[in-house]
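There are 2 protein chains.
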Amino acid sequence: MKDRILAHMGSLLGGVVHNLNTPLMWVMGRAQLIQSRTERVESYRELSDEDLATFREKNTKDISSILEGAEKIDAILKGLGYKIQMVNEGYTSVELREYLEMETNFLLADMRFKHDTKREIQLNSRSRYAKVDYNALSCAVTGIINAIMDHTDKGRTIRVSLENGIIHLGCPEMKLDDASRREVDDACGALREHADICADDTDGLQVTIALKDL
Amino acid sequence: MKDRILAHMGSLLGGVVHNLNTPLMWVMGRAQLIQSRTERVESYRELSDEDLATFREKNTKDISSILEGAEKIDAILKGLGYKIQMVNEGYTSVELREYLEMETNFLLADMRFKHDTKREIQLNSRSRYAKVDYNALSCAVTGIINAIMDHTDKGRTIRVSLENGIIHLGCPEMKLDDASRREVDDACGALREHADICADDTDGLQVTIALKDL
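Top to bottom, those sequences are chains A and B.
When we follow the working numbering, the leftmost residue of the first sequence carries the number 1, and every step to the right adds one.
When we follow the working numbering, the leftmost residue of the second sequence carries the number 1, and every step to the right adds one.
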């Protein structure tokens, strides 16, 4: 199961690298702009107050871009780090809100999730720990979301919410057929001993995961 | 086999994140230093030539650090990107020198490989393509190196070289026992139809991989 999640993470790595690359390009580009301004520093003595203010404004803006880019990279690395730690150390107590936030953030590395999917994510509920094997939970949640992504078209909506410790995953555009039902069942396999899981598609797919040990 | 490599990559991700974090901290720290200098720009008019030169020098140094950090991040992402592309697209033609370079770079994400292992890597040979399934090759090479790491202590030496299209992997400190031999054999499984593989431990472990279709 751990290998399965690692493979899932591996399969999203291409997206992770892509998402890291974009802010990295800002960092590099902006640093070069600041450098070209720094080289002209001797001429600043001749600048008017106004020009000096413009200089300061431009430099500050570029530095903000660098910091923003670096923070974006940092946020992605933090999400990745969270997942790696949870997978490798096989946590058995999971803070559900944080977990769902990190998981849905990580999924942004899947370009289909980022660009072709409307996301309605409601995690306003208060902090709630569940005694559950992280890998079993993650296998189920990412497996269900993957099944939705694979069996629906661009423009789909994915709903993720947490209410009183119950996780809801849904997609109004999704109907279960034999193949997708098997995929969902298969993903939930190891979680069934920790949770009551119900998949209904009378009005689009709605999966509820009620963890037993909250 | 693809899943196995993805799981291997996943297992090294913690190290990748760590290796990305360090240069990212430089970027953030140096950008803040430049910002604090930028804020004092109005006072530059009163600076002597010497002080201005010092200012320029400091800023330039910090910008170099930012660019250096960004390039380090870029290099790690490139290595990762290479591996992901090769794994996902299942390449069947591999440039051996580039492959070994990328593979050993990627292994630096394993902290034991980075800190506790002496590396003797000789890839001076000229460019050489082999017709071989990337995943089978990567499974074998990383599997052998992992077996060495698992069955030897800190301070081990790992030798990787390429001569006339033959890959040599070696570790003078390693003796094969039943468990490690099985690990090496298992890793090489899928490669055997593409290569003659010989593992000898009379003078430390020496594995040669002679690809059939160069």
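Heads up, some of the hints might be wrong.
[As the list claims (entries may be wrong)] Part of the chain A face toward chain B, derived, beta carbon under 8 Å:
| # | residue |
| --- | --- |
| 1 | Met9 |
| 2 | Glu163 |
| 3 | Gly165 |
| 4 | Leu214 |
[To be verified] Once the Cα atoms are required to be at most 25 Å apart in a straight line, the calculated DMTMM-like pairs of lysine to aspartate or glutamate come out as:
| # | chain 1 | residue 1 | chain 2 | residue 2 |
| --- | --- | --- | --- | --- |
| 5 | B | Lys78 | A | Glu57 |
| 6 | A | Lys2 | B | Asp185 |
| 7 | A | Lys78 | B | Glu71 |
| 8 | B | Lys61 | A | Glu57 |
| 9 | B | Lys114 | B | Asp150 |
| 10 | B | Lys118 | B | Asp51 |
| 11 | A | Lys154 | A | Glu193 |
| 12 | A | Lys58 | B | Asp51 |
| 13 | B | Lys61 | A | Asp74 |
| 14 | B | Lys2 | A | Asp3 |
| 15 | B | Lys72 | A | Glu57 |
[Claimed, not checked] Each pair of labels, with its calculated beta carbon distance range:
| # | chain 1 | residue 1 | chain 2 | residue 2 | range |
| --- | --- | --- | --- | --- | --- |
| 16 | B | Asp153 | A | Glu163 | 23 to 33 Å |
| 17 | A | Lys212 | B | Gly155 | 41 to 51 Å |
| 18 | B | Asp49 | A | Leu52 | 15 to 25 Å |
| 19 | B | Thr22 | A | Glu98 | 22 to 32 Å |
| 20 | A | Glu39 | B | Gly155 | 24 to 34 Å |
| 21 | A | Arg182 | B | Asp153 | 22 to 32 Å |
| 22 | B | Leu123 | A | Lys2 | 51 to 61 Å |
| 23 | B | Thr92 | A | Glu42 | 25 to 35 Å |
| 24 | B | Thr92 | A | Asp116 | 51 to 61 Å |
| 25 | B | Gly90 | A | Arg192 | 26 to 36 Å |
| 26 | A | Lys212 | B | Asp185 | 22 to 32 Å |
| 27 | B | Glu42 | A | Lys2 | 49 to 59 Å |
| 28 | B | Asp49 | A | Asp49 | 39 to 49 Å |
| 29 | B | Glu42 | A | Glu68 | 51 to 61 Å |
Because the hints were derived from the structure by calculation, they are not lab data.
Virtual Cβ for every residue (Gly too), placed ideally from N, Cα, C.
We went through each hint and held it up to the structure:
1. Met9: 5 Å, holds
2. Glu163: At about 31 Å, which exceeds the 8 Å cut-off, the nearest Cβ of chain B leaves the hint on A/Glu163 violated.
3. Gly165: Check failed: Cβ of A/Gly165 comes no nearer than 29 Å to chain B, outside 8 Å.
4. Leu214: 29 Å, violated
5. B/Lys78 - A/Glu57: Answer violated: B/Lys78 to A/Glu57 is near 34 Å, above 25 Å.
6. A/Lys2 - B/Asp185: Roughly 23 Å separates the two Cα atoms, so the pair holds.
7. A/Lys78 - B/Glu71: Cα-Cα ~20 Å, so holds.
8. B/Lys61 - A/Glu57: OK: B/Lys61 and A/Glu57 at ~21 Å, within 25 Å.
9. B/Lys114 - B/Asp150: 14 Å, holds
10. B/Lys118 - B/Asp51: 45 Å, violated
11. A/Lys154 - A/Glu193: Violated - the C-alpha atoms of A/Glu193 and A/Lys154 are around 34 Å apart, more than 25 Å.
12. A/Lys58 - B/Asp51: Roughly 22 Å separates the two Cα atoms, so the pair holds.
13. B/Lys61 - A/Asp74: 23 Å, holds
14. B/Lys2 - A/Asp3: 12 Å, holds
15. B/Lys72 - A/Glu57: Judged against 25 Å, a Cα distance of about 29 Å means the pair is violated.
16. B/Asp153 - A/Glu163: 23 to 33 Å: 52 Å, violated
17. A/Lys212 - B/Gly155: 41 to 51 Å: With Cβ atoms ~49 Å apart, the hint holds.
18. B/Asp49 - A/Leu52: 15 to 25 Å: 18 Å, holds
19. B/Thr22 - A/Glu98: 22 to 32 Å: Between B/Thr22 and A/Glu98, where Cβ atoms are some 25 Å apart, the hint holds.
20. A/Glu39 - B/Gly155: 24 to 34 Å: For B/Gly155 against A/Glu39, whose Cβ atoms are near 47 Å apart, the range 24 to 34 Å is violated.
21. A/Arg182 - B/Asp153: 22 to 32 Å: 47 Å, violated
22. B/Leu123 - A/Lys2: 51 to 61 Å: With a Cβ separation near 33 Å, B/Leu123 and A/Lys2 fall outside 51 to 61 Å, so the hint is violated.
23. B/Thr92 - A/Glu42: 25 to 35 Å: 58 Å, violated
24. B/Thr92 - A/Asp116: 51 to 61 Å: Violated - the Cβ-Cβ distance for B/Thr92 and A/Asp116, about 30 Å, lies outside 51 to 61 Å.
25. B/Gly90 - A/Arg192: 26 to 36 Å: With Cβ atoms ~34 Å apart, the hint holds.
26. A/Lys212 - B/Asp185: 22 to 32 Å: Taking Cβ atoms as reference, A/Lys212 and B/Asp185 lie about 43 Å apart, which means the hint is violated.
27. B/Glu42 - A/Lys2: 49 to 59 Å: Holds: the Cβ-Cβ distance is about 58 Å, inside 49 to 59 Å.
28. B/Asp49 - A/Asp49: 39 to 49 Å: 21 Å, violated
29. B/Glu42 - A/Glu68: 51 to 61 Å: 25 Å, violated
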